[in-house]
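Asks: Residue numbering for the sequence shown follows my numbering, beginning at 260 and increasing consecutively.
It is worth saying that the hints were derived from the structure and are not from the lab. Virtual Cβ for every residue (Gly too), placed ideally from N, Cα, C. It is possible that part of the hints are untrue.
Simulated pairs of lysine-lysine, DSS-like, Cα-Cα distance not exceeding 30 Å [unchecked claim]:
# : residue 1 : residue 2
1 : K401      : K351
2 : K351      : K361
3 : K401      : K296
4 : K361      : K401
5 : K296      : K351
6 : K361      : K296
Derived Cβ-Cβ restraints for the label pairs, each shown as a range [said to hold, decoys possible]:
#  : residue 1 : residue 2 : range
7  : E383      : E412      : 50 to 56 Å
8  : D357      : A274      : 49 to 55 Å
9  : L379      : D297      : 57 to 63 Å
10 : F271      : N416      : 37 to 43 Å
11 : M345      : S372      : 39 to 45 Å
12 : V275      : E315      : 41 to 47 Å
13 : M344      : S372      : 39 to 45 Å
14 : A274      : E315      : 39 to 45 Å
15 : H310      : R384      : 21 to 27 Å
16 : D297      : V276      : 34 to 40 Å
17 : R415      : T277      : 19 to 25 Å
18 : R388      : E359      : 30 to 36 Å
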Amino acid sequence: MDYRRNFFLTVFLLAVVTGSLLYLISFDELEGFSEAKDISVYEDMLIFSTHCFELEMHVSVSQAEHIELALTRARAEAFDTGRPMMSELTAKIIETSDMEMKRVEIHSLQNNSYMADIILTNDERIDTRPSDAVLLAAELDKPVFLSDELLREEGRNTCLEGSQSI
């Protein structure tokens, strides 16, 4: 009986310690952000979809075409455009340097312009246009995160669609 109790206590303590460590090593740096589960392009618009929100962002037709091409290339690696585009060149420069891109954060709307940062592995932030950041993220297969506040203020809640207000 003591063997079973000791085994149970050992497993229980291991679970508590593991849970505590995971909690302490949580994603505090991403608190207040949601990952874009899908990014799509429709005409001159980028559409970011998270778990419960959708955010539409207008870009130029040229930017939309480049992003759609990069997203297509990221989803089907066999797709080849011949000569490298600027985003592909930038991605190659980043890949061959000692820095690495962790993610993109689209964090606010100022003067009717969305603001974004590219986050590097040394936690340095590079201010950039969201369209350029999304293009580079697609080239490097990196995640895009959106501010929860921005999603609430500018996005559309897709989890509440079809629900009745009480």
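Asks: Starting from the range 34 to 40 Å, see whether the pair D297 and V276 falls in it by beta-carbon distance.
Replies: Since D297 and V276 have Cβ atoms about 36 Å apart, the given range 34 to 40 Å holds.
Asks: Is the hinted range of 39 to 45 Å satisfied by the C-beta distance from A274 to E315?
Replies: At 43 Å between Cβs, range holds.
Asks: Is 19 to 25 Å respected by the C-beta to C-beta distance linking R415 and T277?
Replies: Taking Cβ atoms as reference, R415 and T277 lie about 38 Å apart, which means the hint is violated.
Asks: Within 21 to 27 Å: is that where the Cβ-Cβ distance between H310 and R384 falls?
Replies: Taking Cβ atoms as reference, H310 and R384 lie about 25 Å apart, which means the hint holds.
Asks: Confirm or reject the claim that L379 and D297 have a C-beta distance inside 57 to 63 Å.
Replies: violated, 25 Å
Asks: Decide if the proposed pair is consistent with the structure: K361 and K296, CA atoms, cutoff 30 Å inclusive.
Replies: Measuring from Cα to Cα gives roughly 16 Å; hence the hint holds.
Asks: Is the gap between the beta carbons of M345 and S372 within 39 to 45 Å?
Replies: violated, 21 Å
Asks: Cβ-Cβ distance between E383 and E412: within 50 to 56 Å?
Replies: Between E383 and E412, where Cβ atoms are some 27 Å apart, the hint is violated.
Asks: With a cut-off of 30 Å on the C-alpha distance, tell me whether K401 and K296 pass.
Replies: holds, 12 Å
Asks: Between F271 and N416, does the beta-carbon spacing fit 37 to 43 Å?
Replies: holds, 40 Å
Asks: So does V275 sit 41 to 47 Å from E315, Cβ to Cβ?
Replies: holds, 44 Å
Asks: Verify the proposed pairing of K296 with K351, using a straight-line Cα cut of 30 Å.
Replies: holds, 25 Å
Consistency with the previously given hints fails for numbers 7, 8, 9, 11, 13, 17, 18, ordered from lowest to highest.
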